[in-house]
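Protein chains: 2
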Amino acid sequence: MSQVSVASGENPEVHISEVGPRDGLQSTQRIMATADKLRWIGALHATGLREIEVGSFVPPRLLPQMADAAEVVAGARLLPGLTVMALVPNQKGAGAALAAGVHKLTLPVSASEAHSMANVRRTPLQMVDEVRAVVALRDAHDPAVGVEVGISTAFGCTLQGPVDEDDVIRLAVRCAEAGAQEVGLSDTTGYANPAQVRRLFRRLRAELGERAGAAHMHNTRGLGLANCLAAFEEGVTTFDASQAGLGGCPYAPGASGNVVTEDLVFMFEAMGVRTGVDLSLLMQAREALARGLPEEPLYGMTPEAGLPKGFAAEVARA
Amino acid sequence: MSQVSVASGENPEVHISEVGPRDGLQSTQRIMATADKLRWIGALHATGLREIEVGSFVPPRLLPQMADAAEVVAGARLLPGLTVMALVPNQKGAGAALAAGVHKLTLPVSASEAHSMANVRRTPLQMVDEVRAVVALRDAHDPAVGVEVGISTAFGCTLQGPVDEDDVIRLAVRCAEAGAQEVGLSDTTGYANPAQVRRLFRRLRAELGERAGAAHMHNTRGLGLANCLAAFEEGVTTFDASQAGLGGCPYAPGASGNVVTEDLVFMFEAMGVRTGVDLSLLMQAREALARGLPEEPLYGMTPEAGLPKGFAAEVARA
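Protein chains in written order, with our numbering: chain W, 1 to 318; chain D, 1 to 318.
One or more of the hints may lead you astray.
[Claimed, not checked] A few chain D residues facing chain W, derived, Cβ under 8 Å: (1) 195; (2) 309; (3) 312.
Hint data in this document are derived by calculation from the structure and do not stem from the laboratory.
Keep in mind that this is a model prediction, so the values were computed, not measured.
In this text, a Cβ means the ideal position worked out from N, Cα and C, and glycines have one as well.
Let the hints inform the model, and build the full structure from the sequences given.
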C-alpha cells in the first residue's frame, strides 16, 4: 500500500500529539488494563505518532484509571523514537513522573481564576509558582526532560464566561519565564472560534517565538478542525488529538470531545501537509483500543466514511 | 435579548443560503405537508435568513417530496425580502419554476463526467447547453430572475475519484459564458479539504470575479466548517447550509450531510462576522421543522451544546 511511505516519511510538517491514553482514558468509566494500554500505545506508535501522552500522575483515589501511570511510562519508553509524556498537576505528580522516566511533563495552568480555584484550589499565579518548582525539580533530576504548559480555558470558561486575552498571554509569558520550554493553548470548554484562535496564537508566537506550543482543541460546537486549521495558518505545528475521540463523544455536548486524531490527520494529509502518520495504520490502531475497552463507543467521521476514492494515490503523489 | 440586534442588523458580511427545505426534505423518507413546509420556511425567514432554496422542480414520481414545489414557492413569495430559490435540473423544470414565480433558479452541473452521466445522463458539456437554454427561457419570462449554477463533485467524485481542477474551472467559466450570473462549487461527496477549497475558489474568483458563487460544503469527513472557513478566507461570501443537517446525519457516513446552518452561523457570529441571522431564533426554528417531521432526527452541535456563557453579550458588543 502506497501510504506506507507516508508513515516512514521524514520531517513531518506538523506534529500530532496523541492524548487519548491520558485525556481519553481518564474520562472513561471503565479502566483499561495496563497490558491493553501498552498494546494500544504500541499500535499508535506504529502509525508514526512520535509523541504520546500516556497517563497522568495524580492520586489514584481521584483517578483510578491512571493508577498504573508509572508502569505505562516504563513500557512506552521501550518504543523507539517515542516522546513519552505525562500530565502532572503539581510537584508531587512531577516527582513521581520523573522517577518513572517520562521524557516530557505537561502541566495544565488555567487562565480562568474561577476554573483554577475550582479545579486545583490555586490561583493562576500560584500555579506559575508550581511550574517554577516543577522546573527546578526537573533540573535536579534530569535537565533533558521537557516541561510543557497548556493554558487551559484559554478561549473561555464555563464558570466565568469570556476570558480576557491579555490575561491569557500574560499568563503564558509568566509560565515561560518560570522555565516552561513550551506553552500551548487549550480550548478546554469548546468555546474557541477561528478568529480568536488566530489572534491568540499570533500573540503567543509574537511573545514566545519557538516556545509557543501546541493547540489543544475540542469539538464541542463542531469547530475543532476549523480551529486547528486557523492555528496551523498562524504557524502552529503541534496539535493535540485523541484517537476515536475517546472519553466522550466529540459530536455531542457535555463530553470531553477532543479533536479526533483520525479526522485531524485526514485533514492535514488531504491538504498535502505531512503528519508522519499512516492513516491506514491509524484506522487499524482503533482495534487495539476496542480490544482494551470493548464497550466504549469509538467516534471519528473519517474512519466511518472511509477515505475518498483515489486518496492513497493522491497522497503518495504529493 | 441582545441578539435581536443581530437579526435586524443591516449589511451582513456573509450570506447563508438555507437549502434544508430542498436538499434536506428531498432526502427524507417521509413527506412534509405543504402547510408545515411553509410554517418552517416562515420560521427560517424570521431568523433573518434572506435566501432559501424551497424546493426542486423535478418529476413527482422521482421525488414525491417535492411535488408541491409550486405551492411552496407561491407561499414563500409572501415573505418580505426573501429570495425564493428552487433547484431545476433542466429546461422543463426551469419552465415550471418560472411559472411558479421563483426569484432565482439553481442548476447543478457536475464536473465529473461519470457522475454527470449517472445522474442526468448527459455530459458536463451537454449540461452547459442546458444552462444556456434555461437562461434563454428566463430572459423570455423575466430577466429579473437569477440563474445560478452549482458545480457538483467539484472536489472529487465517488465514481471517478479525483476531479481535475482545470476541468472544474473550465466548466465554471463555460457556465458563466452560457449566462449563469453566479457559479458556485459544491462538495457533493464530502471529499474537499481546506487547501483544495482555497485553490479552487481562488481560481474561480480570478476567472469569474463577482460572478464566483456559493460554497456548498458537506460534513462527511468532519471538514465541513473548516472548508467553509477556507472559502471565507478566499473571499467567498455565500454559504449553503441546512438546518439541523436535515436529510442525513452530517456526523455519519453515507448521508446527505450538509453543513448544519446552526453550527455555521455560530462559527461566523463567534468570529465577529455578521450573518444577519439571529442564532436564538434559528434554534427556535428547529421546532417548526420538528413539528412538520416529528420522527426525523435533528442534528447540530451548537444547538445541543448551547451557546458559550456570555456569548450573546460578546456578540452584541462586537
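The hints, checked one at a time:
This hint holds: residue 195 (chain D) has a C-beta 4 Å from the nearest C-beta of chain W, less than the 8 Å allowed. A hinted interface residue such as residue 309 (chain D) counts as satisfied when its beta carbon comes closer than 8 Å to some beta carbon of chain W; here the least separation is about 4 Å, so the hint holds. Here the hint on residue 312 (chain D) is broken, as its CB sits about 10 Å from the closest CB of chain W, past 8 Å.
In this structure, only the earlier hint numbered 3 is contradicted, and the remaining ones agree with it.
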